[in-house]
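> Here is what each chain is made of, one letter per residue.
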Amino acid sequence: MSETPEKRGGHISQAWLVILLAVLYGGALAGVETTLGPIIEKNKKDETLGKVPQLVKGAAVGETVEIQLAGVDGSFQTVYRVFADDAEKTHKGWVLPAGGKGFADRIEVLIGLNADASVITGLYVLDQKETPGLGDYITDQERFLDQFSGRSAERPLTIAKGDPAGDGNQIRPLTGATISSKSVADIVNSAIANFQEPIRREAATTR
Amino acid sequence: MTESHPMATHEPTAAERFIQGILPENPVYRQLLGMCPTLAVTGAMEPAMTMAAATAFVLISANVMISLIRRLLKPHLRILVFTLTIATFVTIADRVLAAYLYQMSKQLGPYVPLIIVNCLIISRCEICSSKQGTFVAICDAVGMSIGFALALGSIATVREVLGSGTWFGLPLLPDSWPGWGIMVLPPGAFLTLGLLLGIAEWIGQRRKEKQQGA
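Top to bottom, those sequences are chains U and F. The letter at position 190 of the first sequence is residue 190 when you use our numbering, and the numbering goes up by one with no holes. The letter at position 214 of the second sequence is residue 421 when you use our numbering, and the numbering goes up by one with no holes.
These are computed hints drawn from the structure, not numbers from a lab. The structure presented is a predicted model; accordingly, all values stated were derived computationally and were not measured. There's no promise every hint is true.
Claimed, not checked - Once the Cα atoms are required to be at most 30 angstroms apart in a straight line, the calculated DSBU-like pairs of lysine-lysine come out as:
hint : chain 1 : residue 1 : chain 2 : residue 2
1    : U       : Lys57     : U       : Lys89
2    : U       : Lys89     : U       : Lys44
3    : U       : Lys42     : U       : Lys161
4    : U       : Lys129    : U       : Lys51
5    : U       : Lys45     : U       : Lys161
6    : U       : Lys57     : U       : Lys129
7    : U       : Lys42     : F       : Lys417
8    : U       : Lys182    : F       : Lys313
9    : F       : Lys417    : U       : Lys44
10   : U       : Lys101    : F       : Lys313
11   : U       : Lys42     : U       : Lys129
12   : F       : Lys417    : U       : Lys45
13   : U       : Lys57     : F       : Lys313
14   : U       : Lys129    : F       : Lys415
15   : U       : Lys57     : U       : Lys45
16   : F       : Lys313    : U       : Lys51
17   : U       : Lys51     : U       : Lys182
18   : U       : Lys182    : U       : Lys89
19   : U       : Lys161    : U       : Lys44
20   : U       : Lys44     : U       : Lys57
21   : U       : Lys45     : U       : Lys129
As the list claims (entries may be wrong) - Pair ranges (Cβ atoms, derived):
hint : chain 1 : residue 1 : chain 2 : residue 2 : range
22   : U       : Val61     : F       : Ile276    : 44 to 52 angstroms
23   : U       : Glu197    : F       : Thr290    : 45 to 53 angstroms
24   : F       : Trp374    : U       : Ala204    : 33 to 41 angstroms
Claimed, not checked - Which residues of chain F face chain U? A partial, calculated answer using Cβ under 7 angstroms:
hint : residue
25   : Leu279
26   : Pro282
27   : Leu284
28   : Leu291
The beta carbon of each residue, even a glycine, is placed where N, CA and C say it ideally should be.
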């Protein structure tokens, strides 16, 4: 640059507008985040809680208790203990959030478990970015997710090649989306392996 | 083609700016700007229109802001100021969507933050709002936003109707329609854009020929 010194001026006289704008915009964004942050967090939680009755039959949204549990591998996780809305407040089961790598990006699911965490009562995909038209059918209850309900949580789920065998823990994968299907099964398997014991301990110590 | 004129001779008026954005210099069909959202979120009308609205918000806000501070801009720092301004408004749009249209914000995923790199916005800052008054800048941004929405809407209409048999989620074609899955997938976006671009170009050529013939 062939500018003369007096034309160039000091750094501040050059950049004052950028600095001022950065401060102003930063303040504005902090304001937006303070206002909207809680609403966004609430949206995420409401989505989870809204799925409780679908994941564990007979459970009521209003009766859900949030518990922090340490998994077998030492990682902490919020687990939802769900109850029926009746006089005895019957303990119906658990909702276990889990996540892991899918075909495209991270898949996040909610796993419904019965009271002693021995049977999967439901499965819901919270977030996924799988291939539209193929892998994203993992969010489809009828096509894919419903088959997880009623499976035993005592042994890992496997992906069937061809027709699912009669041993009860084979999942029929989606056509053209074997990896997405397997990812979901793996996420469920590892979450159960990690949290089944802690959940049972929790169930035994309280009530 | 007013951009090619020397600035001294003629600066487009507000009305000219407004009209140009809609069709004569349509951001997608004539300038080929903003291809990322054009291809990525036009599988259905709802995400396409949400994207168009978010882009319009950012475009109009950034144009007004830049136009207000245009006399303070240092030429060699202007792109920095543009980017800073655009990024701020995009972040606001992203947070507002996540707070009030949570499902849609999840569906659009990374494409809302990616509005930052939509060349349509920075080009309007450079061409119009850093040089002209606030009223002209608003007209320009509104015109361009309408043009962008029309372009996204036209592509999304073709893809959603042929791909899912619906429009804005409402059933349009009979249930017997098989739904051309490929139209909802990325190849459908390229096919539709290519065909519509060809048609737009063909109409443009014919109009030119007519004008020359007359």
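> So which of those numbered hints doesn't the model satisfy?
3, 5, 7, 9, 12, 14, 18, 19, 24, 26
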